[in-house]
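There are 2 protein chains.
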Amino acid sequence: MKDETRRLEILRISDTGAVKERDLVVREAPVTIFLNDVDLVTLLCSPKDFEYLAVGFLFAEGLITGKKDIKRIFADNKDGVVWVETVDGKKPRDNILARRFITTGCGKGLSFMGSPKHMKDLKATSDSKIQAGRVALLMKEFQERSLIYRKTGGVHSAGLANARGIVAFNEDLGRHNAIDKILGECVLKGIKTDNLILMTSGRVSSDLLVKAARARIPVIVSRSAPTDLSVRLARDLGITLVGFARGSRMNVYSNERRIAAGPTTRRKARR
Amino acid sequence: MKDETRRLEILRISDTGAVKERDLVVREAPVTIFLNDVDLVTLLCSPKDFEYLAVGFLFAEGLITGKKDIKRIFADNKDGVVWVETVDGKKPRDNILARRFITTGCGKGLSFMGSPKHMKDLKATSDSKIQAGRVALLMKEFQERSLIYRKTGGVHSAGLANARGIVAFNEDLGRHNAIDKILGECVLKGIKTDNLILMTSGRVSSDLLVKAARARIPVIVSRSAPTDLSVRLARDLGITLVGFARGSRMNVYSNERRIAAGPTTRRKARR
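Here the protein sequences come in this chain order: H and U. Using the numbering used here, the first residue of the first sequence is number 1, and each one after it goes up by one. Using the numbering used here, the first residue of the second sequence is number 1, and each one after it goes up by one.
So here's chain H without its partners, still in its complex pose:
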């Protein structure tokens, strides 16, 4: 946690007056990803796990399909630079970022959006079911592991879980970075994600759905809200999208067949 936080002198004001004291603040640092010697992108992130971030970013943006595409990877953690060399050695096209799609959520992201046709190839096919009560337990474990958030309030958490527990977890300033880091970890460690649950503390916007789809993740669980576009994509892509997972409560926005809850009733439609 030392790398990810810093103690700064602040003035803390309350009803009882103002006190000068030292407080823990999250660190923010740039990391630049070179793909086959071409400067691809600079991300501002929590300065940790640069390799995971680089690999996850390339994977989630569709620039690599898995570990087999990576020939060499070298991270300079001090200067915040990661070099990735792929087996095919192809330089990223100049215009790879030409379709400058700045995505949102609670911030903005940059997403190399595939065509809708291509997206159809990314349909989640897993048939596995999970008990709603199990989702609640996973969310409890997720929050307990969000140590930097609990110390600083300044990061988002992301996790990948199966029904038994969390298999990958990370925290980062950026909602997208945190997800890229866990996807990168799975790519590098050869962990299959097509039967796992993606957990996030952040709001679910369409770009996050695209990331999950590339990893063939069948279920997304968020503590927070989805957008209408993310719900539409989740329905199209066969992904189960759960929002506002807090305690034993949760909202299922799509493909509810994977969530085993009690008997379902239909409430009279409200205006």
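Accuracy of the hints is not assured; some may be wrong.
Said to hold, decoys possible - Pair by pair, the computed Cβ-Cβ distance ranges are: (1) D194(U) with T264(H): 52 to 62 Å; (2) R7(H) with G247(U): 21 to 31 Å; (3) E9(U) with V87(H): 44 to 54 Å; (4) S14(U) with G165(H): 36 to 46 Å; (5) D15(U) with R266(H): 16 to 26 Å; (6) D79(U) with R266(H): 46 to 56 Å; (7) D15(U) with G165(H): 21 to 31 Å; (8) S128(H) with D194(U): 52 to 62 Å; (9) D15(U) with K151(H): 25 to 35 Å; (10) D37(U) with D121(H): 26 to 36 Å.
As the list claims (entries may be wrong) - Derived PhoX-like pairs (lysine-lysine); straight-line CA-CA distance at most 20 Å: (11) K20(H) with K129(U); (12) K20(U) with K129(H); (13) K67(U) with K91(U); (14) K189(U) with K48(U).
In short, the hints are calculated from the structure, not lab data. None of these values were measured; they are calculated from a predicted model. C-beta atoms are modelled at their ideal positions from N, C-alpha and C, and glycine is treated no differently.
Given the structure of chain H, go ahead and fit chain U onto it with the hints provided.
Just chain U now, kept in the frame of chain H:
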């Protein structure tokens, strides 16, 4: 609010079982900004106030300096396209997005970062002071106005205030978009911002500091956490940065001279 939300059928799960019902979800839509006929960027945002967003984005990224630079602006709200024509008519350089700086916070953003030297020209010079109690009252007004957040949990709020109250306010899926929208409103309406307080519901990362600096805003107040880089920039740029403003409590991270609190004591440094 009709444009910004949509009612969808969901499955709501709780201890008492599962209920199918209709729920309000925030809308997410792309808007593409053309600058002098060149496709500059596509943002995913709440589909409202596209003109404000486009002007605020161009201003906050340093591509225009004020209303005087704008010759014509036309927004197609249906198709999500905004054309901005500037007085100088200069096409944005091909490489204007070449330094692909994806910024973070709780998401990512794309920022046309100026050089540090240039940033020094953006120092906040305002001498005005505000009572801590007044900041708390502004935050209360800010939260009361965050209607879409209270209905959906899916947006961020941004506001500009003077000591008497809020003069510009907006909500958007994107933390950065919400700020761009209020800055754009100020540019178009000729509201001077160099003596105003920027209010945000979101975490304060370095890119947000850059936006505020371009508008010469002397005080930033957030409900949430800052990063160490944003604190450093705020100190360098003469900006007062207040975080965790909740009720009568708040943390002042930089240039505390502008916040009038009670008497200050120094607590023994903690390890």
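Query - Whether the CB-CB distance between D15(U) and K151(H) falls inside 25 to 35 Å - result: 31 Å, holds
Query raised in the report: Measuring from beta carbon to beta carbon, are D15(U) and G165(H) in 21 to 31 Å?
Result: 23 Å, holds
Query - D79(U) versus R266(H) beta-carbon gap, inside 46 to 56 Å or not - result: 37 Å, violated
Query raised in the report: Taking only the CA atoms, is the gap from K67(U) to K91(U) under or equal to 20 Å?
Result: Given pair K67(U), K91(U) holds - Cα atoms ~18 Å apart, limit 20 Å.
Requested in this report: Please work out if K189(U) and K48(U) have their alpha carbons no farther apart than 20 Å.
Outcome: OK: K189(U) and K48(U) at ~17 Å, within 20 Å.
Query raised in the report: Within 36 to 46 Å or not, the Cβ separation of S14(U) and G165(H)?
Result: Taking Cβ atoms as reference, S14(U) and G165(H) lie about 24 Å apart, which means the hint is violated.
Query raised in the report: CA of K20(H) to CA of K129(U), is that 20 Å or under?
Result: The given pair, whose Cα atoms are some 19 Å apart, holds under the 20 Å limit.
Query raised in the report: Is 52 to 62 Å a correct range for the gap between the Cβ atoms of D194(U) and T264(H)?
Result: About 56 Å separates the Cβ atoms of D194(U) and T264(H), which means 52 to 62 Å holds.
**Report entry** Beta-carbon spacing of E9(U) to V87(H) - inside the hinted bounds 44 to 54 Å or not
**Finding:** 46 Å, holds
**Report entry** Supplied distance hint 21 to 31 Å, evaluated on CB atoms of R7(H) and G247(U)
**Finding:** 25 Å, holds
Report task. Below or equal to 20 Å on CA atoms is what counts here, so check K20(U) against K129(H). Result -> 19 Å, holds
Query - Hint check for D121(H) and D37(U) - Cβ pair distance inside 26 to 36 Å - result: 35 Å, holds
When each numbered hint is compared with the structure, violations occur for hints 4 and 6.
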